[in-house]
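Undergrad: These are the residues of each chain, in order.
Protein chains: 2
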Amino acid sequence: MEADILITDTLLLPDPGQDTFIPSGCVAICGATITYAGPMENYNGPRAKQTIDGRGLLTMPGLINLHGHAPMTLFRGLADDLELTDWLENHIFPAEAKHVNTEMAYWCSTLAAAEMILSGTTTTADGYFFETEVARAFADAGLRAVAAQGIIDFPAPGVEAPEKNIAAAAAFLDRWQGKNPLIRPALFSHSPYSCSNETLLKAKQLARERGVKLFIHVAETKHEISMIREPLGPTPVQHLHGLGILDADTICVHCVWTDARDMDILSGQGSPVVICPQSNLKLASGMANLPLMLEKGVRVGLGTDGCASNNGLDMFREMDICAKIQKLKTLDPVATPANKVLDLATTKGALISGFPGHSATLAPGKPADLIMLDLVQPHLTPLYTADLLVYAASGADVRTVIINGRIILEQGRLLSINIDETLEQVRTMACAVLQ
Amino acid sequence: MEADILITDTLLLPDPGQDTFIPSGCVAICGATITYAGPMENYNGPRAKQTIDGRGLLTMPGLINLHGHAPMTLFRGLADDLELTDWLENHIFPAEAKHVNTEMAYWCSTLAAAEMILSGTTTTADGYFFETEVARAFADAGLRAVAAQGIIDFPAPGVEAPEKNIAAAAAFLDRWQGKNPLIRPALFSHSPYSCSNETLLKAKQLARERGVKLFIHVAETKHEISMIREPLGPTPVQHLHGLGILDADTICVHCVWTDARDMDILSGQGSPVVICPQSNLKLASGMANLPLMLEKGVRVGLGTDGCASNNGLDMFREMDICAKIQKLKTLDPVATPANKVLDLATTKGALISGFPGHSATLAPGKPADLIMLDLVQPHLTPLYTADLLVYAASGADVRTVIINGRIILEQGRLLSINIDETLEQVRTMACAVLQ
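Those sequence lines, one after another, are chains A and B.
Sequential numbering from 1 applies to the first sequence in this note's numbering.
Sequential numbering from 1 applies to the second sequence in this note's numbering.
Where hints are given, some of them may not hold.
Remember, identical chains collapse to one label, so a pair may be satisfied in a single copy or spanning two.
Claimed, not checked - With a cut-off of at most 25 Å between alpha-carbon atoms, the simulated SDA-like pairs for lysine to any residue come out as follows: (1) Lys329 <-> Asp86; (2) Lys49 <-> Glu2; (3) Lys340 <-> Asp86; (4) Lys329 <-> Ala260; (5) Lys49 <-> Ser267; (6) Lys164 <-> Phe93; (7) Lys296 <-> Pro157; (8) Lys222 <-> Ala335; (9) Lys222 <-> Pro291; (10) Lys340 <-> Gln411; (11) Lys98 <-> Ala79.
Don't read these hints as lab results, they were simulated from the structure.
Looking at chain A on its own, in the form it has when it is part of the complex (with noise of 0.2 Å):
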């Protein structure tokens, strides 16, 4: 049997977690599974149809970005540097509700899927409305993908009366559940303050029944939690947990504002986090508390969030911004290491991220998603450890990317977006946003 890719002579990094490099590596790739990851020498599997050559390149699993809004590419940089409510009253709503609909989700998710692959994220999770657009995208684009349907008790884009909301997103079920082994669908029901407990305990429900996972966006600012407590009343977490809906299936995006008791109900159910600190930083919500939360055993991935708020998808500049900034508040260097990042962008991520055999690490037997640097760069240079990759690198220098076997960006062309189109779609769509 032949196998269908051969990657040779490459800087192999099997487990990001794990500091441990292959000189010169070896990858073989059969469908949609590696079949091979070791070094070159011990390799004695089939010749291939295609051969890449990993001369000078860094060959590691892609990365995994848990959070977007991938149609927000339209308003990224719309509206920077502004109160919160001002930026959300006066610019986002006002932007979403005039200029989102199937074709803006469209191609606007094309776009995202474009710049995610460009910069190495193999597999994301979405939550936005119109989702089943944007599960289209990334489908068409090869991207690996969680799609959630939004959920909210305001008329939404494509849901505009709210009462309709969890039939619509029953529907978006139906619509992709067992359809594409890319695409995973799930639900997206926005927060805590938008949405009644009724609604959040319908979500929940349909999402045990169909099996999904459910997002939620669980304590973003300090604003949120005065919005929900009482006075010695419960916090976000303690309200939905009290509701029975946090387990293994909720993933909980943000919590900026968790304290200790928070985490041990995040860890007691399972319940996996998703941090965003570039996009918490630049709204000023604040900074999520990532060493308390690894250390009382809560499962945490890494997102970039929506590009309204961001405003890229560069997962590796995420990782880098995320490292820094947790040694801020102890002025401890040691915290947050860089390779614990690194694990959650990667080995943690795909986990959380639930594609069955995911764990973003280059073994035989696995979905062979992976991307390729090239090293041959002055600020990669000298490299001693993979810290390297979350200090220094940044997505720009991801050469090519492969995605469940299918190569999709090849030596720096995507081979699987039309992206002269695409960039003249959304353009197209941005000089109607500024008028």
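Fit chain B to the supplied structure of chain A, relying on the hints for placement.
TA: Showing chain B alone in chain A's frame:
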């Protein structure tokens, strides 16, 4: 008379601190100087020897990186996430003692120059030992630089006997003053805790006699405060002020641990401050209070610091983190807006660097230091305001760099540096470091 270079049909950002784009702009360069920068349709000047097609590209002034230790690229990522004393005493100092020599200083500074040019820096300020090799590397690379010879009361690379540190610095000035329009020599007395008062006074006297800048690390860590400050005694800034050292030509680097009174002194003396947000975060030194500095009228510039502590020299990334982290302390999203940071990294920085007429704006009569970024990329689409340069762009977007009228980087290709040889030299040295 012919122009030398004409950039046509470009998106022009003549003054990054002001968010005003010229959609179809044009820049004309004669010799080292800009002769026109404005709308294409208003250009009535001569044809040019060389025309650069600016379509799809943003043309803006080059960035000003006001603090670095160029040879330390060799130690990039050698020892990350360690406690400061452990980092310095067990890793950096021994590595410096063993590996810093003239050859190392030249090649590793060439690597730094390449990294800076590739990421859009056109002016840098550097302080290290064997600084004549650093200056030589910058001169060969065509980079505009203030190069400052290190002064410290310990045996240092190239200055084994500390009592000769001032004489060595004077010899360095002799070698470089008036020799190259792009290289301005200066002095770098390491810090108030590593230089005696006598050394500091002699260094400042020498700087005054020669009319050069004096750089000094000030108030970088909390520990430094305790070293200098007796109970109720002076802060590092007060200490230097008491010595009569602070004036408009003394540039204080870091200033993380400065209070309102310190800032009043710095502002009153006109002493510029250079902040290095990423280095300060990564080494867990803390975060300078930039909003208060600006409110107090302190002149502030931005720097990356050396590669042992950052670990890269990309000023776009530095700007991004600078703008984001300042919103953390006050939870105020309006704090330190992007255009303010862009202004620090261009105009404010250029004025501090002290090259005559240099203000990092594109206008007739100004030195022709400019960069061109590729806008036809997903992460830079759409482009609503110049904030995108801070929150989404990266050094990797830079395609063309002109310094003093000379094309140094052309469509991603370094014209002034043999990059293959440079990478090879540094890789060989890095192998020796690992042994």
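Undergrad: Each hint: holds or not?
TA: How the hints compare with the structure:
1. In this homomeric assembly, Lys329 and Asp86 come within 25 Å of each other (Cα to Cα) only across copies, at 20 Å, whereas the closest approach inside a single copy is 28 Å.
2. Taking CA atoms no more than 25 Å apart as the test, Lys49 paired with Glu2 passes inside one copy only; the shortest distance there is 7 Å, against 56 Å between copies.
3. Taking identical chains as interchangeable, the C-alpha atoms of Lys340 and Asp86 lie at most 25 Å apart only when they sit on different chains, with a minimum of 20 Å there against 36 Å within one chain.
4. For the identical chains of this complex, Lys329 and Ala260 are neighbours both inside a copy (16 Å) and across copies (21 Å), given an alpha-carbon limit of 25 Å.
5. Proximity of Lys49 and Ser267 under a CA criterion of 25 Å is satisfied in neither setting, with 46 Å inside one chain copy and 67 Å between copies.
6. When the C-alpha separation of Lys164 and Phe93 is checked against a cutoff of 25 Å, the pair qualifies only within one copy, where the shortest distance is 20 Å, while the shortest distance between copies is 66 Å.
7. Proximity of Lys296 to Pro157 under the C-alpha cut-off of 25 Å is found in neither arrangement, the shortest distances being 38 Å within a copy and 46 Å between copies.
8. Taking the shortest alpha-carbon separations for Lys222 and Ala335, both the intra-copy value of 24 Å and the inter-copy value of 17 Å come in at or below 25 Å.
9. Within a single copy, Lys222 and Pro291 get their C-alpha atoms as close as 20 Å, and across copies as close as 22 Å, so both meet the 25 Å cut-off.
10. For the homomeric pair Lys340 and Gln411, neither the shortest alpha-carbon distance inside one copy (29 Å) nor that between copies (37 Å) is at most 25 Å.
11. Taking CA atoms no more than 25 Å apart as the test, Lys98 paired with Ala79 passes inside one copy only; the shortest distance there is 16 Å, against 51 Å between copies.
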